[in-house]
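Undergrad: What follows is the residue order along each chain.
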Amino acid sequence: MTPAERAATVAIWTVTAAVVLVLLAPLVVTVAVSFSASPVFNLPPPEWSLRWYQRTARLRELWPSVRLSVEIALLSTGISLVLGTLCAMAVARGDFPGKTAVATFMVSPLMMPGLVVGVAILQALREAGLRDAWLGLLIGHVVITLPYVTRTVLASLSLFDFTLIEAARTLGCSYPRSLLTVMVPVLAPAFLTSGLFAFLASMDNYPISIFLIDARNKTLPILMLQYLEENPDPTIAAISAGLILLTIVVLLVADRLVGLRRLAEF
Amino acid sequence: MSPTGRETALAGELALGRRRGRLRERVEPISLLALPGTLYLSVAFGVPLLLLLVRSVYGDGGLSVASYVRFFEDPFSWAVIWNTLKAALLTTLICLLAGYPAAFALARASGALQALLLTALILPLSVGVVVKAFAWTILLRSDGIVNRLLLLTGLTEAPVRLIFTQPGLILGAVNVFLPFMVLPIFAVVKLIDRSLLDAAATLGASPVHRFLHVTLPLTMPGVIAGVAFVFSMSVSMYVIPTLLMGDRFKTLSILIARSFLFMRDRAAGSTLAVVLLLIAVAVVVASAMLSRRHQHAR
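Sequences listed follow chains A and B, in order.
The numbering of the first sequence is the working numbering, which starts it at 1 and goes up by one.
The numbering of the second sequence is the working numbering, which starts it at 267 and goes up by one.
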């Protein structure tokens with residue numbers, strides 16, 4: 001190794017160590033604060049306690065909003081998996097004018113400002129006379145989740161060898177059956193990865209949801225930000241720590257199923 | 267592509283040309299699978315944005331760009347645009363400077379170390395932005411960990427005010443958006459054929475020359491994707507500045523939220539929304555053009 005290469009290696013690992021520290025710091029802090037006995041955010045806390053976890057049980061609005069968020073996230077992810085996969089198949093296999101435009105359009109919500117998309121959807125819903133918050137949230141969240149699925153499934157399909165389907169058909173398999181038994185297993189990791197990130201994106205969305213909620217239907221991020229602005233105490237840290245724990249469990253399961261490396265191709 | 271592959275592709279194109287010539291209207295059935303998704307997104311996303319755009323110039327009094335003229339004549343608007351762009355540019359730059367080396371580390375690491383790095387990237391990606399921004403309000407307090415580190419290392423003598431300041435905002439934003447820079451770059455770095463670098467070295471290229479003429483061009487697609495991602499997300503961030511800066515810091519997003527949610531001023535809000543939308547569209551178009559030009563150059 002030349003001195004220049006050694007210097008580059010040292011620089012790379014120094015920066016990386018700082019990156020890891022910065023990325024994990026907020027999560028560690030949140031978990032630590034959630035076990036603190038003190039109502040102000042002192043670190044390290046004077047005493048440890050579970051009082052903030054006990055308090056979450058008394059937040060009446062919390063559980064309905066968790067339910068709403070999970071409901072919307074699951075449904076929108078499911079709808080996106082169907083619509084996104086169909087679209088990815090058409091783009092990967094079909095031949096029609098404007099194919100690349102369709103592919104770009106399908107992932108474009110990912111890069112458009114959330115607040116603007118939220119306002120636009122709200123105004124369009126009003127125009128159409130639709131005032132149901134739950135349905136509005138679902139419509140908006142499919143827009144959020146669709147790009148994740150289309151992107152990942154399309155990337156996975158472009159590596160898929162379609163002659164395998166032909167082979168299965170030559171061997172006497174019907175077309176739908178050969179898709180189901182040959183293509184779907186190959187795509188399974190893409191479904192899992194993109195479904196996971198779509199779900200998380202929906203659970204986390206603030207800027208689009210804020211325009212689509214009403215007083216009785218508030219998603220979790222909106223409730224949390226509102227709570228933070230009204231009474232900033234570690235209760236929010238306890239909810240957050242719960243979410244972090246849940247995420248770790250989900251990631252562990254995903255790691256067993258497809259491996260962390262696949263997840264990195266979000 | 268192998269010669270035979272090219273031949274089949276060519277034959278395919280010829281057949282296609284013939285088919286198109288004869289049966290122009292006929293579309294393969296598989297192409298129709300794109301319809302449900304495209305239709306959905308057109309109705310739920312495309313049309314609403316177009317309506318917003320049309321409404322901002324076409325009001326009760328017919329076609330008028332008066333609101334835009336008023337907006338761009340006001341020096342305050344330019345200050346807001348500058349605030350928005352500056353925060354996004356700084357966030358993107360720092361993410362690139364930190365994320366580029368980290369992507370290489372991720373590609374070189376193996377075993378437990380790689381697992382740790384991947385966890386550090388993916389776990390925060392799956393924790394909500396409200397949670398992370400909230401955590402930074404704790405980290406950045408005058409008696410918070412960042413300040414204690416600064417004091418401990420002797421970088422400062424007295425606690426620095428970080429929360430409700432721009433450096434604090436940028437730090438929080440970098441934390442949230444870093445994975446979106448590292449992962450696309452990692453995706454191309456791991457595909458780099460090391461023998462190319464060895465070949466360059468054998469031919470006498472210095473490490474700096476190798477980096478500038480082999481590694482950097484090969485990683486450009488990842489860099490373009492990462493920069494486009496991070497910039498378009500940070501130019502429209504809302505939760506992070508709300509928690510880390512408060513209302514005093516005026517960005518397009520904060521003013522949009524305020525005019526629609528609190529002031530009920532639809533006209534002003536629409537103008538702001540369209541300006542932000544156009545910035546985002548410009549980023550998408552620029553990144554698409556850059557990556558296309560890059561593909562042609564190769």
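Accuracy of the hints is not assured; some may be wrong.
Below, a sample of chain B positions facing chain A; criterion: calculated Cβ distance under 7 Å [said to hold, decoys possible]: (1) Leu305; (2) Tyr306; (3) Gly327; (4) Ser330; (5) Val331; (6) Ala332; (7) Val335; (8) Gly377; (9) Ala386; (10) Val396; (11) Tyr504.
Hints are computed from structural coordinates only; laboratory data are not their basis.
We put the beta carbon where it would ideally sit given N, CA and C, even for glycine.
Undergrad: For which of the previously enumerated hints does the structure constitute a violation, in increasing order of number?
TA: Per hint list: 1, 3, 4, 5, 6, 7, 8 violated.
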